[in-house]
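K.L.:
Given next are the chains, with one letter for each unit.
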Amino acid sequence: MNEQLTEERAAVEINEDYCSSCSICSTLCPFEAIKRDTETGKTFLEIEKCQVCGICYSDCPAKAINIIYYDMDSLTKYLVRAKQEYECDELVIMCKGSAPDFAGIEKLFGVTKFIPLSIPCVGRISEEVFLKAIVMGIKRIYVLACDEDYCRFDRGSQITKRKILALNLLLDQLGYGTEVITLKRNSLKVKVDKDLCIACGNCVFYCPYDAAKLDSPGAVSFDLSACKGCGLCVAMCPALALDLENWEEESISTLISKLLSEMKPPKILVFRCQWAVFPPLDEEFNQNVRFIDLPCASRVDTFHILEAFQKGVDGILIASCSEEDCKQEGASKNAQHSVTILGERLKQIGLQDRLHFCTVAPRYSGSFDRELEQFSKKMEAIYLEGGKE
Amino acid sequence: MIVTTSKPLDEVLDYISPYSNIFIVGCDGCTQPPRGLREAKILSQLLELGGKLRNKNFNFKVTTVAKQCDSYLTASALKPQIDGVEAVLSLACGIGVQTLAELFPELSVFPAQNTHFMGAEEREKGILEERCAGCGDCLLALTGGICPIARCAKGLLNGPCGGSANGKCEVDPERDCAWSLIIERLKARGKLELLEEIRPPIDYQLKGWRFTP
Chain A
1 MNEQLTEERA AVEINEDYCS SCSICSTLCP FEAIKRDTET GKTFLEIEKC QVCGICYSDC
61 PAKAINIIYY DMDSLTKYLV RAKQEYECDE LVIMCKGSAP DFAGIEKLFG VTKFIPLSIP
121 CVGRISEEVF LKAIVMGIKR IYVLACDEDY CRFDRGSQIT KRKILALNLL LDQLGYGTEV
181 ITLKRNSLKV KVDKDLCIAC GNCVFYCPYD AAKLDSPGAV SFDLSACKGC GLCVAMCPAL
241 ALDLENWEEE SISTLISKLL SEMKPPKILV FRCQWAVFPP LDEEFNQNVR FIDLPCASRV
301 DTFHILEAFQ KGVDGILIAS CSEEDCKQEG ASKNAQHSVT ILGERLKQIG LQDRLHFCTV
361 APRYSGSFDR ELEQFSKKME AIYLEGGKE
Chain B
1 MIVTTSKPLD EVLDYISPYS NIFIVGCDGC TQPPRGLREA KILSQLLELG GKLRNKNFNF
61 KVTTVAKQCD SYLTASALKP QIDGVEAVLS LACGIGVQTL AELFPELSVF PAQNTHFMGA
121 EEREKGILEE RCAGCGDCLL ALTGGICPIA RCAKGLLNGP CGGSANGKCE VDPERDCAWS
181 LIIERLKARG KLELLEEIRP PIDYQLKGWR FTP
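Here the protein sequences line up with chains A and B, keeping their order.
The first sequence lines up with residues 1 to 389 when you count with the working numbering.
The second sequence lines up with residues 1 to 213 when you count with the working numbering.
Please keep in mind that the hints were generated in silico from the structure rather than gathered at the bench.
Since we're looking at a predicted model, the values are computed, not measured.
A portion of the hints provided could be inaccurate.
A few chain B positions that, by computed beta-carbon distances, are all more than 10 Å from chain A [what the hints assert, rightly or not]: (1) 21; (2) 82; (3) 132; (4) 168.
Calculated cross-link-like contacts (lysine-lysine; reagent style BS3-like; alpha-carbon spacing at most 27 Å) [what the hints assert, rightly or not]: (5) B:7 - B:61; (6) A:378 - B:52; (7) B:61 - A:347; (8) B:79 - A:194; (9) A:213 - B:67; (10) A:333 - B:125; (11) A:77 - A:139; (12) A:194 - B:61; (13) B:61 - A:258; (14) A:311 - B:7; (15) A:347 - A:377; (16) B:154 - B:191; (17) A:213 - B:125; (18) A:258 - B:52; (19) A:258 - A:83; (20) B:52 - A:377; (21) A:347 - B:56; (22) A:311 - A:264; (23) A:347 - B:7; (24) B:67 - A:194; (25) B:52 - A:264; (26) A:311 - B:56; (27) A:333 - B:7; (28) B:52 - A:311; (29) A:264 - B:56; (30) A:347 - B:52; (31) B:125 - A:347; (32) A:258 - A:189; (33) A:191 - B:67; (34) A:191 - B:61; (35) B:61 - A:311.
Cβ-Cβ distance ranges computed for the label pairs, FRET-style [stated by the list, open to error]: (36) A:257 - B:188: 58 to 64 Å; (37) B:133 - A:184: 57 to 63 Å; (38) B:81 - A:224: 32 to 38 Å; (39) A:287 - B:21: 36 to 42 Å; (40) A:201 - B:168: 27 to 33 Å.
Glycine is no exception: its CB is placed at the ideal position from the N, C-alpha and C atoms.
The shape of chain A in the complex, shown without the other chains (with noise of 0.2 Å):
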C-alpha cells in the first residue's frame, strides 16, 4: 500500500482504551476484517478488508468502535432536523442497495409523507437509534432491508430481522403495542418490455447471476428471483426493452434536469455507486454540484450521461467501486468499459476531458472528495478557457 493511502483517516478505528476483547465484532464482520491477536489477546481492523457496513459500530458493547458514517451522533441530529422538516412522524429506514424511488416507498408501506432515512444497510442502525427516534415522538418506524440473500453486507439483513423481532417485544412490554416497528424486505428488479426485445441475448451473457433466460424464441424471461437489481444489463440493452422497477430510465432523466436546473455553471454531475461514497447524512451541496446515486455503477447509462451533455452540463464524474469492492459481479469493470468507449466518441467531438471514471470506497473519508475537487479544478479551467473565446 503506497503512503498516501495509509496517511489518510480510515472511516473505521477500534479504540484500544475502551476495547475490552470481547471479540463480538470480529464475530459479526462479514469481511472477516477484525481479528484477534492471538498472542496480545488485542482486537485490530484490517481497513483493506473493511466495507464501512458498520455493523461492529453498532454492536459493540463498549463503544469502543469510531466511525465517520452514520454514527450515533449524525443519526441524532439528522432525526431531529429531519422531523422538523418533514413534519411528520412515520419514519421509513431503507438499505440503499434495495430501495425503490420515494414513489416506490409509497407502494410499499402506504405511507404518502415520512420521514426518510436511506443508509448503506440498516443492519448497521443500533437499537439505541430506534429508541431515540420513538422518544423524539416518531410513531410508526418502517424498515426496508434488503432480501437476506441478496444483503451485501452479508449479515445486514439477518441481524436486521433479530433486531426488530426484539425491538418490538421490548416496546410492547412497554406499552408502546407489537408493531410499532415494520419490517419490509425488497429488492430492485429487471423488467422487460416484449415489444421491445430483440432477443439478441445480450443480458443473457451481460447478467452476472444467470438470471435472464432466452429459452424459447421471441423475447427474454427473467427469473427474478436470481436477479439482483444491479442494472447492468438495462445499460447494455441495444434495443432499450429493460429497465428497474421503481428506477426507471425516466425517473433519472427527470432529476438530471431537475438538478441542472439547480446549478451554476460549471456544472458537474456526480454519477456515484451508493456502495462507492457514503454521503453525510447533512450533505451540504456547493452550486456547481450535484448527485446521483445509483444502485450499482453498472447503472450508469450512456444515454443518460449525453442527456446530461446535452441539457448543459460541463462535466461529468462516475464514481465506481474498484473491480475489487464491487458489490456486483463484474459491473465495476463493466461500467468502466462502456465509459471508456464513449469517451473516445465524445473526444471526437470536441468533449475530450469532460467526462471521469474513478473509484474510491468509502474505507478512507477523502478519497471521494479528493477525486470531486480535481475534477472541479479541470472543469472550473476548461469553463474559464471557454469564456475567453
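Guided by the hints, dock chain B onto chain A, whose structure is given.
P.N.:
Relative to the frame of chain A, chain B by itself:
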C-alpha cells in the same frame, strides 16, 4: 453476424451537415456490436452535441427496424415515418444502407458504420473476428471446422506457409496461423490424413452473385 465499426463522428457530421431533418435508422438484425435503438439514440445525442460545436442544429428522428436488408420489412416500417425527412443515416451494414438507398431514391442515405466482415464474437474477451469469407464452396468439413480462406492471411488451401511460427502468422504476430489451428484440430480428431490430399484453387464462380431462393 456482420461486424461493423462506427465511423468517426466528424465524417458523419460532414455527410449530414447540409441537412436539418435527419432520420437515424438502427438495425436489430445481425450487425455486431448491436446497432439497434440504443445505438441510434446515442448517435443522435452525439451528433447533436457535435453539431452544436459547429453551430448547426439538427432535428433527429430515431427508429430501428428488424433487418434493414429485408426490403419488405424495412419499407413497411419506414415508409409511414419518412415525411419531412431530408437525409437518412443508416446504422446497418453496407447491405442495409443500399436497401435504404434503393427504397428512398430521392433522399440522401448515408452510412454511419464501416462494414468489415462476417465474424463471430468471443464474448469473454470482447473480440470480433472474421470467420467466413462467403466463398461459395465450403470446405470446413475437410479442415476441422476452421476456415483457411477467412482466417489464413493468404487464404491458402494447402498450408501452412513458411511464415507460420509458434502457431502465429507472419502477417501479424497477434494473429493465429489458421493452418496451425487446422493441424492441431485434425490431430486431436485423428484425421491428419485429410491433409495429404492437394486441394485445387477455389472455384470462385461458385460464389455467385444472385440466387433465386
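K.L.:
Look at each hint and say if it fits the structure.
P.N.:
Comparing the hints with the structure gives:
| no. | hint | in the structure |
| --- | --- | --- |
| 1 | 21 | 18 Å, holds |
| 2 | 82 | 22 Å, holds |
| 3 | 132 | 20 Å, holds |
| 4 | 168 | 27 Å, holds |
| 5 | B:7 - B:61 | 19 Å, holds |
| 6 | A:378 - B:52 | 22 Å, holds |
| 7 | B:61 - A:347 | 24 Å, holds |
| 8 | B:79 - A:194 | 24 Å, holds |
| 9 | A:213 - B:67 | 23 Å, holds |
| 10 | A:333 - B:125 | 13 Å, holds |
| 11 | A:77 - A:139 | 18 Å, holds |
| 12 | A:194 - B:61 | 23 Å, holds |
| 13 | B:61 - A:258 | 25 Å, holds |
| 14 | A:311 - B:7 | 25 Å, holds |
| 15 | A:347 - A:377 | 20 Å, holds |
| 16 | B:154 - B:191 | 24 Å, holds |
| 17 | A:213 - B:125 | 22 Å, holds |
| 18 | A:258 - B:52 | 22 Å, holds |
| 19 | A:258 - A:83 | 25 Å, holds |
| 20 | B:52 - A:377 | 25 Å, holds |
| 21 | A:347 - B:56 | 18 Å, holds |
| 22 | A:311 - A:264 | 13 Å, holds |
| 23 | A:347 - B:7 | 14 Å, holds |
| 24 | B:67 - A:194 | 18 Å, holds |
| 25 | B:52 - A:264 | 21 Å, holds |
| 26 | A:311 - B:56 | 16 Å, holds |
| 27 | A:333 - B:7 | 25 Å, holds |
| 28 | B:52 - A:311 | 12 Å, holds |
| 29 | A:264 - B:56 | 25 Å, holds |
| 30 | A:347 - B:52 | 14 Å, holds |
| 31 | B:125 - A:347 | 25 Å, holds |
| 32 | A:258 - A:189 | 25 Å, holds |
| 33 | A:191 - B:67 | 25 Å, holds |
| 34 | A:191 - B:61 | 26 Å, holds |
| 35 | B:61 - A:311 | 18 Å, holds |
| 36 | A:257 - B:188: 58 to 64 Å | 59 Å, holds |
| 37 | B:133 - A:184: 57 to 63 Å | 59 Å, holds |
| 38 | B:81 - A:224: 32 to 38 Å | 35 Å, holds |
| 39 | A:287 - B:21: 36 to 42 Å | 38 Å, holds |
| 40 | A:201 - B:168: 27 to 33 Å | 32 Å, holds |
This entry satisfies every hint, going by the numbered hints stated previously.
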